[in-house]
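Chains Y and S supply the protein sequences, listed in that same order.
Here the first sequence is numbered in my numbering, starting from 1 and rising by one per residue.
Here the second sequence is numbered in my numbering, starting from 1 and rising by one per residue.
Take the hints with a grain of salt, since some may be wrong.
Here are a few chain Y residues that face chain S, going by a calculated C-beta distance under 10 Å [stated by the list, open to error]:
hint : residue
1    : Leu10
2    : Thr13
3    : Ile14
4    : Leu60
5    : Met150
6    : Lys160
7    : Ser165
8    : Asn171
9    : Pro192
10   : Pro193
11   : Leu214
12   : Lys224
What the hints contain is simulated information worked out from the structure, not anything from laboratory work.
The structure displayed is predicted, hence computed values, not measured ones.
Even for Gly, the Cβ is constructed at its ideal location relative to N, Cα and C.
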Amino acid sequence: MQELGKIHQLIFTIAGYKLTLNLEVMLMTWIVIGLLIVFGWLCASRRAIVPNRFQIVGELLVSKLYELTEDAMGKTLARTYAPMIVALFMFLVLCNWIGIIPHMEEPTKDLNTPLSLGIMGFVIAHYVGIKTKGFKAYIKEYFEPMFFMMPLNLIGELAKIVSISFRLFGNIMGGSIIILVVSYLTYNIILPPFLNAFFGLFVGAIQAFVFTMLTVVYISTQAK
Amino acid sequence: MIDDIAVWVKVGAYAGGGLAMGLGAIGAAIGEGHTAAQANAAISRNPAISGDILKSMLVGQAIAESASIFALVIAMILLFSSFPATSFVMVWAVFSAGLAMGLGAIGSGVGAGFPAGAACLGMGRQPAMSGRLTTNMLVGSAVCQTPSIFALVIGFILIFTDYATKPLSPTWAAVMGAGLSTGLSAIGSGIGGGFVARASCEGIARNPKAAGPVTNIMLLGQAISQTPAILGLLIGFILIFKGGAASDALAPAMALLAAGICMGIGGIGPGIGEGIASSGGVTWIARNPEEMGVIVRTMLVGMAVAESTAIYAMVISLVLIFVV
């Protein structure tokens with residue numbers, strides 16, 4: 001069980017700062033991106049009235065998620081942000097699912113991936129907030145209900161990044177730990193496929209959906 | 001001296017393993033009992049589908065039990081692994097890992113029993129929706145397990161971190177604080193998530209047409225009511241990885257321990273409160289799906305206010321860790 005928590009790192013220094021690249025995570029992320037591009041190409045390259053298999057799956061994914069975004073954000077915002085939301089969901093699902101293949105690791109198991117996606121959602125949400133409400137009204141919200149609540153409101157906003165990214169990280173990390181440990185304790189007999197199906201496919205899909213929904217909600221609450 | 005540490009590490013591991021399984025058995029048993037009681041009520045109302053209800057009860061109980069299975073895994077590791085006897089911190093770390101897992105399994109076990117019970121009752125009322133109810137129950141109970149998974153993660157990190165170079169004096173308090181913060185704060189979120197999932201199963205049985213939005217809002221409500229547990233996890237991570245300067249004074253160590261206790265106990269109430277808030281949201285969306293937008297907005301604002309107490313606790317914990 002010693003491989004737990006061991007990460008292949010590439011460390012080099014630039015201008016006195018230590019820069020660390022987690023090689024496995026980067027490789028897996030690129031594999032996921034590559035698979036998504038291939039999937040997108042298969043979906044959209046031969047579009048027809050009678051759709052092929054990939055087109056059906058793609059259309060289903062896009063239309064369902066688009067509807068969800070539209071329900072929460074309204075028509076105008078959804079036109080701008082729904083593509084990002086759909087892409088986010090597909091990326092996260094594939095990230096969480098890729099771990100069920102032997103020798104592959106979930107990129108979301110490394111805190112850096114969920115954290116950067118969480119920060120991305122946070123920045124977009126606040127950009128939308130400033131754009132729709134105006135800078136003054138946006139700032140004013142922090143001083144409600146009383147002016148001295150400002151620091152706590154600020155921390156409350158920052159806690160959203162923590163909660164959204166640690167939720168995904170903790171679930172995927174915990175799932176992979178359970179799979180590893182229980183497989184080890186039972187000498188890889190019988191249990192691992194079921195564990196992979198539950199923690200890899202089921203929990204992975206749910207958590208990807210939760211992450212996407214929360215990003216949508218953060219954006220839509222800022223817009224109102 | 002080395003032998004001495006090895007003996008104490010064993011002592012700590014046994015005590016931790018016992019606590020993990022003992023505390024971890026509380027929640028799941030309560031939740032499963034609740035499920036079985038509701039299943040009986042459902043069967044007496046609608047005996048025609050007693051087979052389906054029994055099946056659903058067993059599936060729901062199996063998921064509720066997974067929290068205590070996590071505790072069992074941690075307990076087995078604590079009892080049967082050999083730990084490096086390099087530092088006395090290890091004694092506290094293995095004890096704290098057991099405590100975190102035991103406490104963390106309570107909430108998820110109780111919480112995961114609620115949706116299973118409500119799904120059984122709903123099947124009795126609305127047999128046509130039993131497939132949809134089972135799916136919803138599975139999703140809801142699986143998300144309820146998240147706080148106990150956090151406790152498991154912290155337990156593993158506590159067990160497998162190398163403490164050889166860390167000073168004993170503040171580090172023992174930091175590892176104890178990390179376990180307490182994650183374990184205690186998971187209780188509230190687990191129970192709160194269960195309330196939400198129960199409300200959604202009831203809602204689907206009451207108004208099958210609203211099943212789609214009800215499941216979505218349930219996931220949202222559960223996810224947000226897990227925030228206190230996540231803040232507890234964050235404080236746990238900070239406590240483990242920050243590392244204090246060695247000092248024999250008692251005050252810095254106690255500050256770290258108090259930070260963990262503060263976040264842990266401070267996270268219980270908000271988790272339950274947010275669960276109640278969003279279970280209200282889910283219930284009333286099921287009754288009146290047309291007003292979903294307003295209900296969701298009110299629910300989110302209410303949850304944010306209920307969460308503020310968890311954020312006060314986190315602020316005090318951070319002050320205790322970094323300032324005091």
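Right, here's what the structure says about each hint:
Contact between leucine 10(Y) and chain S, as hinted, is not supported at the beta carbon level, the nearest pair being about 21 Å apart and thus beyond 10 Å. A cut of 10 Å between beta carbons decides the hint on threonine 13(Y): the least distance to chain S is about 22 Å, and the hint is violated. For isoleucine 14(Y), the suggested interface contact is broken, since its CB lies about 24 Å from the closest CB of chain S, more than 10 Å. Violation of the interface hint for leucine 60(Y) is found here, the shortest Cβ-Cβ separation to chain S being roughly 14 Å, above the 10 Å cut-off.
Checking methionine 150(Y) against chain S: minimum C-beta separation of about 13 Å lies over 10 Å; hint violated. The interface hint given for lysine 160(Y) holds, since its Cβ lies 8 Å from the closest Cβ of chain S, which is under the 10 Å cut-off. Interface hint status for serine 165(Y): upheld, as the beta-carbon distance to the closest one in chain S is roughly 9 Å, under 10 Å. Given the 10 Å rule on beta carbons, the hint for asparagine 171(Y) holds: about 6 Å separates it from the nearest Cβ of chain S.
About 14 Å separates the beta-carbon of proline 192(Y) from the nearest beta-carbon of chain S, more than 10 Å, and the hint is not met. For proline 193(Y), the suggested interface contact is broken, since its CB lies about 16 Å from the closest CB of chain S, more than 10 Å. Taken as an interface hint, leucine 214(Y) checks out: its beta carbon lies about 6 Å from the nearest beta carbon of chain S, inside 10 Å. Of the supplied interface hints, the one on lysine 224(Y) holds, with its beta-carbon coming within about 7 Å of a beta-carbon of chain S, less than 10 Å.
The structure fails to meet hints 1, 2, 3, 4, 5, 9, 10 from the earlier list, while all remaining hints are met.
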